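**Student:** Residue-level listing of the chains:
2 protein chains.
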Amino acid sequence: MAKQTGKHVETDDGKRSWGIGELAREFGITSRTLRVYEEEGLLDPQRDGTRRIYNERNRVRLRLILRGKRLGWSLSEIRESFDLYDSSLGEQAQLELMLSKLEQRRETLIAQRRDIDSALQDLQRVESNARQSLREIRATQGKQQRAASGARQ
Amino acid sequence: MAKQTGKHVETDDGKRSWGIGELAREFGITSRTLRVYEEEGLLDPQRDGTRRIYNERNRVRLRLILRGKRLGWSLSEIRESFDLYDSSLGEQAQLELMLSKLEQRRETLIAQRRDIDSALQDLQRVESNARQSLREIRATQGKQQRAASGARQ
DNA sequence: CATGTGGTTGACGTTAACGTCAACGTAAGG
DNA sequence: CCTTACGTTGACGTTAACGTCAACCACATG
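Protein sequences appear in the order of chains A and B. Each position in the first sequence, counted from 1, maps to that position plus 3 in my numbering. Each position in the second sequence, counted from 1, maps to that position plus 3 in my numbering.
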């Protein structure tokens with residue numbers, strides 16, 4: 004049995020668990036979103052009757068989901084990666100297939116990092132450009148100020 | 004005037020230019036997509052009558068668009084970044100605003116790179132795990148083979 | 001001239017990833 | 001017992017980013 008204390012939930016074995024709203028607030032999403040993730044097979048919280056109860060493992064999963072989203076992955080891509088990570092390390096053929104998929108993932112991640120680096124370089128160029136203009140503007144203003152204070156003497 | 008030679012287009016000043024289908028094929032997208040990007044204000048090809056003519060500058064833009072997409076940006080985020088890069092470096096206040104926006108972009112890019120790195124680490128763990136299982140399986144198979152060849156003697 | 005190739009606009013369809021809302025259940029507290 | 005907070009399922013709405021299709025235009029070629 005699980006007892007509810009205000010907002011969060013605790014199970015008998017002392018391990019912390021969370022209600023849907025609580026988890027949603029913590030991660031800045033809505034409970035609707037958590038239900039969608041469950042429908043898509045990305046999360047499988049336990050139930051207390053009809054209510055969903057999330058444990059630490061679910062939280063880890065959720066963090067991975069949100070990281071995937073930040074990297075622009077679709078929910079099904081995220082599920083595929085879970086399938087990859089969870090796969091039971093069975094036969095040789097399966098393992099080799101898995102390794103090739105992992106290699107492919109790595110390559111796209113590295114390509115993405117290259118994209119980021121080049122975007123950061125572009126950004127750097129624009130930024131130093133802007134800083135230069137700013138310095139020039141400030142220099143001009145300084146001149147004007149010095150001229151004005153000189154005229155007052 | 005632009006003359007059409009088979010698939011691609013050349014202008015009088017000798018600078019290369021491209022038709023919509025040609026460009027689409029080269030970048031692995033459809034012409035429909037190019038028109039959408041234009042509607043969204045991300046591209047502005049010249050026209051020869053009604054026909055779109057893309058120049059080198061348009062191609063650079065397109066590369067930036069596709070890089071943005073690979074990083075998971077929306078079209079409007081991409082447009083914002085263009086606006087940022089194209090802004091005319093006018094007054095001081097505008098420049099300072101621009102710098103703060105650039106700084107913000109940089110932070111999200113760096114955060115994204117951290118996400119990638121941690122994803123790569125996870126991947127590395129799973130991979131060495133799988134390699135280990137594979138070695139064990141092969142070792143077992145080797146034993147069996149050696150046993151079998153021993154039995155044949 | 002007919003046909004093919006490649007382009008145009010405009011309208012409508014589609015998919016993913018949620019948001020929104022209605023109708024209802026359930027436990028705690030006053 | 002009534003209210004309040006929190007949860008449930010189910011249905012429908014919405015937005016972005018295209019795909020698909022129809023009807024049309026323009027040029028080159030056999």
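Calculated directly from the structure, the hints in this document are not laboratory data. Wrong hints could be hidden among the right ones.
[Claimed, not checked] Which residues of chain B face chain A? A partial, calculated answer using Cβ under 8 Å:
1) ASP118
2) ALA122
3) ALA133
In this text, all values refer to a predicted model and were calculated from it rather than measured experimentally. Ideal placement from N, C-alpha and C gives every residue a C-beta, glycine not left out.
**Student:** None of the hints should be skipped; say for each whether it holds.
**Tutor:** Hints versus structure:
The interface hint given for ASP118 of chain B holds, since its Cβ lies 5 Å from the closest Cβ of chain A, which is under the 8 Å cut-off. Given hint, ALA122 of chain B at the interface with chain A, holds; its Cβ is 6 Å from that chain's nearest Cβ, closer than 8 Å. The interface hint given for ALA133 of chain B holds, since its Cβ lies 5 Å from the closest Cβ of chain A, which is under the 8 Å cut-off.
When each numbered hint is compared with the structure, no violation occurs for any of them.
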